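**Student:** As a plain string of letters, each chain reads:
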Amino acid sequence: MDLMSLTAVELGKKIRNKEVTVVEAVNAAFNQIEKVEDNINSYVNVIDKEVVLKKAETIQKRIDNGTLAGPLAGVPVAIKDNMCTEGTLTTCSSKILNNFIPTYTATAVKNLEEAGAVIIGKTNMDEFAMGSTTETSAFGETKNPWNVEHVPGGSSGGSCTAVSAEECSYALGSDTGGSIRQPSSFCGVTGIKPTYGTVSRYGLVAYGSSLDQIGPIAKDVTDCAVILEAIAGYDEKDSTSIKRENYDFTSALTEDVKGLKIGIPKDYFGEGLNKEVKERVLEAAKVLEDKGAVVEEFDLGLVEYAIPAYYVIASAEASSNLERFDGVKFGYRTKDYEGLHNMYKKSRSEGFGSEVKRRIMLGSFVLSSGYYDAYYLRALKTKALIKKTFEKAFERFDMILGPTAPTTAPKIGHSLTDPIKMYLGDIYTISVNLAGLPAISIPCGVDSKGLPIGLQLIGDCFKEKNIIRAAYTYEQTREYRRPELVKKGAK
Amino acid sequence: MANIITDETIDYVGILAKLELSNKEKEQAKKDMGSMLDYIDKLNELDVTGVEPMSHIFPIDNVFREDIVANGNNRDKIISNAPESKDGQFKVPKTVD
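Chains A and P supply the protein sequences, listed in that same order.
Heads up: the first sequence begins at 1 in this note's numbering, then just goes up one per residue.
Heads up: the second sequence begins at 1 in this note's numbering, then just goes up one per residue.
FYI, nobody ran anything at the bench for these hints, they're computed from the structure.
Small disclaimer: the values here were computed from a predicted structure and weren't measured.
Take the hints with a grain of salt, since some may be wrong.
Unchecked claim - Simulated pairs of lysine-lysine, DSSO-like, Cα-Cα distance not exceeding 27 Å:
#: 1; chain 1: P; residue 1: K31; chain 2: A; residue 2: K95
#: 2; chain 1: P; residue 1: K26; chain 2: A; residue 2: K335
#: 3; chain 1: A; residue 1: K329; chain 2: P; residue 2: K42
#: 4; chain 1: A; residue 1: K110; chain 2: A; residue 2: K14
#: 5; chain 1: P; residue 1: K77; chain 2: A; residue 2: K237
#: 6; chain 1: P; residue 1: K42; chain 2: A; residue 2: K388
#: 7; chain 1: A; residue 1: K329; chain 2: P; residue 2: K94
#: 8; chain 1: P; residue 1: K77; chain 2: A; residue 2: K95
#: 9; chain 1: P; residue 1: K31; chain 2: A; residue 2: K387
#: 10; chain 1: P; residue 1: K77; chain 2: A; residue 2: K421
#: 11; chain 1: P; residue 1: K31; chain 2: A; residue 2: K421
#: 12; chain 1: P; residue 1: K18; chain 2: A; residue 2: K335
#: 13; chain 1: P; residue 1: K24; chain 2: A; residue 2: K346
#: 14; chain 1: A; residue 1: K95; chain 2: P; residue 2: K91
#: 15; chain 1: A; residue 1: K421; chain 2: P; residue 2: K24
#: 16; chain 1: A; residue 1: K346; chain 2: P; residue 2: K30
#: 17; chain 1: A; residue 1: K266; chain 2: P; residue 2: K94
#: 18; chain 1: P; residue 1: K30; chain 2: A; residue 2: K392
#: 19; chain 1: A; residue 1: K95; chain 2: P; residue 2: K86
#: 20; chain 1: A; residue 1: K55; chain 2: P; residue 2: K77
#: 21; chain 1: A; residue 1: K335; chain 2: P; residue 2: K94
#: 22; chain 1: P; residue 1: K94; chain 2: A; residue 2: K421
#: 23; chain 1: P; residue 1: K42; chain 2: A; residue 2: K95
#: 24; chain 1: P; residue 1: K91; chain 2: A; residue 2: K243
#: 25; chain 1: P; residue 1: K86; chain 2: A; residue 2: K421
#: 26; chain 1: A; residue 1: K329; chain 2: P; residue 2: K30
#: 27; chain 1: P; residue 1: K42; chain 2: A; residue 2: K346
#: 28; chain 1: A; residue 1: K335; chain 2: P; residue 2: K31
#: 29; chain 1: P; residue 1: K94; chain 2: A; residue 2: K237
#: 30; chain 1: A; residue 1: K95; chain 2: P; residue 2: K24
Claimed, not checked - Calculated from the model, a selection of chain P residues having no Cβ within reach of chain A, i.e. all distances over 12 Å:
#: 31; residue: A2
#: 32; residue: E25
#: 33; residue: D67
#: 34; residue: V69
Backbone N, C-alpha and C define an ideal beta-carbon position, used for all residues, glycine too.
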């Protein structure tokens, strides 16, 4: 039986029922990594097999004596390399952290460990989460398992390919402007960005602190709901963490959308949207309508202002967050320098890649004296207006439906030469982060080249259950599609 | 309105960002910043009179805790990541004359 073709929940069940041991599950993951990793490059760092097997044995013991009984106990997971894992290299796919070993573990990851997760490795990403293709990684590109000449998307590219190529049973990603949802869409897997404040950011290397959220990436909605329940929770170590009323996301795994009011923004379906993506997404809307949802078009408004507002805000926050990488206390320090300031400049200039430098410079500029009001404050006011457009929409609708991305995965090497064109690909995901809303991307078909298309459902703040319910209902009408590379077992 | 970024501006930004760019990188940076700012100028189309800048989505104010040490002494662990260290301290270039 191909253990890695199971969902995380299915595998967890077999482990609990003693049909499969944790060691067998871990070996299955490593076997798959051996088969496909050279072609895909999902991982920055696969943890030493002997170390993981030892961990597996410990977890098996705890399952056997009943101390670990949850749905994820013993299931192999991959973690995006911007989440601190104590004792394990954490690089954010950057040269400036190429030797950094954290002294603590991120809360979200700790929660998974306490649930009995077995961490297989840290996945590749765009450097410091800045990018939409995983091409800005300092450790090489990650390839899309559906067609290795195409990107997997980003910035959680490695996490999505590790799930799609079955090198792990599920993964964690982070989402600042679409970084879980867009690569999930490009790789044919499911990913959720929760309401801001739901999952602790303690231990997540910050990019845009007012926008970042950690979330699950897996083969289906059930897995994502279970993982989200495991990682979500109030954390006093994250001052933006929210104490929610309930976290029982799995209670929404029901096939019932009768009466659910779904809004489709007309402004999402204009120029720039690929024809096949449009067709598949509207077909999905029809499926939900046939199942009893009330689907209606409407004008969302201000859609074209989300991207410039986001890039001002995210770059500004990033320029501040990345000041700590200075070669003093950790990370890369340049070899030859004259004095402190020269050491700072050289370490940072040699350690950061060009996209990161670009955003740090833009961020420093928009925050500088004389420009702060014109750029940064104006962007924050735009953010307030964008939030209002969603508030207005949610007075009428329970959720908003649209494509996750305007296209399927582009070819490798075609995106970085025109940054603004690349930024435009974030048009459907970005405003969700600005407004702090929850959103899910689920596969809804492939295009004529066989590349996956993603459907995005956006809920109001704290309304993950609405979008989980609709996503689950839609998902029951189709089979999970595996990429050819995995079906064939390539090497 | 095209934003022309001068050498002066890029040098200023370099100081703020603690980045040192080669001449080639500077030329590219001037171009990139210029086109990004042109794109961002789109925000000027919006009427934002009376709108409060929204930094945080939820009205969470200053989150405090008691000023007591809650974590242990991790000095050795933390120093293990230092590029240069001596006697349990970070070694850095001279900062004070």
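**Student:** All hints, please: hold or fail.
**Tutor:** Results of checking the hints against the structure:
1. The hinted pair formed by K31 of chain P and K95 of chain A meets the criterion: a straight-line CA distance of about 25 Å does not exceed 27 Å.
2. Distance hint between K26 of chain P and K335 of chain A is fulfilled; the C-alpha atoms sit about 23 Å from each other, no more than 27 Å.
3. Note on K329 of chain A and K42 of chain P: the hinted pairing is violated, with a Cα-Cα distance of about 40 Å set against a maximum of 27 Å.
4. Between K110 of chain A and K14 of chain A the alpha-carbon distance is near 23 Å, which keeps this suggested pair within the 27 Å criterion.
5. A distance of roughly 20 Å separates the Cα atoms of K77 of chain P and K237 of chain A; the hinted pair therefore holds under the 27 Å criterion.
6. About 19 Å separates the Cα atoms of K42 of chain P and K388 of chain A, which keeps this hinted pair within 27 Å; it holds.
7. The straight-line distance between the Cα atoms of K329 of chain A and K94 of chain P is roughly 15 Å, inside the 27 Å bound, and the hint therefore holds.
8. Between the alpha carbons of K77 of chain P and K95 of chain A the distance comes to roughly 21 Å, so the proposed pair stays at or under 27 Å and holds.
9. For the hint linking K31 of chain P to K387 of chain A, the alpha-carbon distance of about 32 Å lies beyond 27 Å, and the restraint is violated.
10. Distance check on the hinted pair: K77 of chain P and K421 of chain A sit about 44 Å apart at the alpha-carbon level, beyond 27 Å; violated.
11. Annotation: proposed proximity of K31 of chain P to K421 of chain A holds, straight-line Cα distance about 15 Å (limit 27 Å).
12. For the suggested pair K18 of chain P and K335 of chain A, the alpha carbons sit about 17 Å apart, so the restraint of at most 27 Å is met.
13. Of the supplied pair hints, the one linking K24 of chain P and K346 of chain A holds, its CA atoms being roughly 16 Å apart against a limit of 27 Å.
14. Annotation: proposed proximity of K95 of chain A to K91 of chain P holds, straight-line Cα distance about 21 Å (limit 27 Å).
15. Taking the CA atoms of K421 of chain A and K24 of chain P, the gap is about 23 Å. The hint holds against a cut of 27 Å.
16. For the suggested pair K346 of chain A and K30 of chain P, the alpha carbons sit about 20 Å apart, so the restraint of at most 27 Å is met.
17. With a CA separation close to 60 Å, the supplied pair K266 of chain A and K94 of chain P exceeds the 27 Å bound.
18. For a cut-off of 27 Å, the pair hint linking K30 of chain P to K392 of chain A is broken: about 40 Å separates their Cα positions.
19. With a C-alpha separation of about 24 Å, the suggested pair K95 of chain A and K86 of chain P falls inside the 27 Å cut-off, and the hint holds.
20. Distance restraint check for K55 of chain A and K77 of chain P: the Cα-Cα separation of roughly 22 Å lies within the 27 Å cut-off, and the hinted pair is therefore satisfied.
21. With a CA separation close to 16 Å, the supplied pair K335 of chain A and K94 of chain P stays within the 27 Å bound.
22. As the CA atoms of K94 of chain P and K421 of chain A are separated by approximately 45 Å, the hinted pair breaks the 27 Å bound.
23. Proposed proximity of K42 of chain P and K95 of chain A is contradicted: the alpha carbons are some 34 Å apart, above 27 Å.
24. With a C-alpha separation of about 41 Å, the suggested pairing of K91 of chain P with K243 of chain A is violated against the 27 Å cut-off.
25. A distance of roughly 48 Å separates the Cα atoms of K86 of chain P and K421 of chain A; the hinted pair therefore is violated under the 27 Å criterion.
26. At most 27 Å may separate the alpha-carbon atoms for a hinted pair to count; K329 of chain A and K30 of chain P exceed this at roughly 32 Å.
27. Using a Cα cut-off of 27 Å, the hinted pair K42 of chain P and K346 of chain A is violated, with the two alpha carbons roughly 35 Å apart.
28. This hinted pair does not check out: K335 of chain A and K31 of chain P have alpha carbons roughly 30 Å apart, beyond 27 Å.
29. Using a Cα cut-off of 27 Å, the hinted pair K94 of chain P and K237 of chain A is violated, with the two alpha carbons roughly 34 Å apart.
30. Distance restraint check for K95 of chain A and K24 of chain P: the Cα-Cα separation of roughly 21 Å lies within the 27 Å cut-off, and the hinted pair is therefore satisfied.
31. Remark: the non-interface label on A2 of chain P is consistent with the geometry, its nearest Cβ contact in chain A lying 14 Å away (cut-off 12 Å).
32. The claim that E25 of chain P is not at the interface with chain A is violated, since a C-beta of that chain comes within 12 Å of its own (minimum 8 Å).
33. With a closest Cβ-Cβ approach of about 14 Å to chain A, D67 of chain P is found to remain outside the 12 Å limit, as its non-interface label requires.
34. In this structure V69 of chain P is separated from chain A by more than 12 Å, as the shortest Cβ-Cβ distance comes to about 14 Å.
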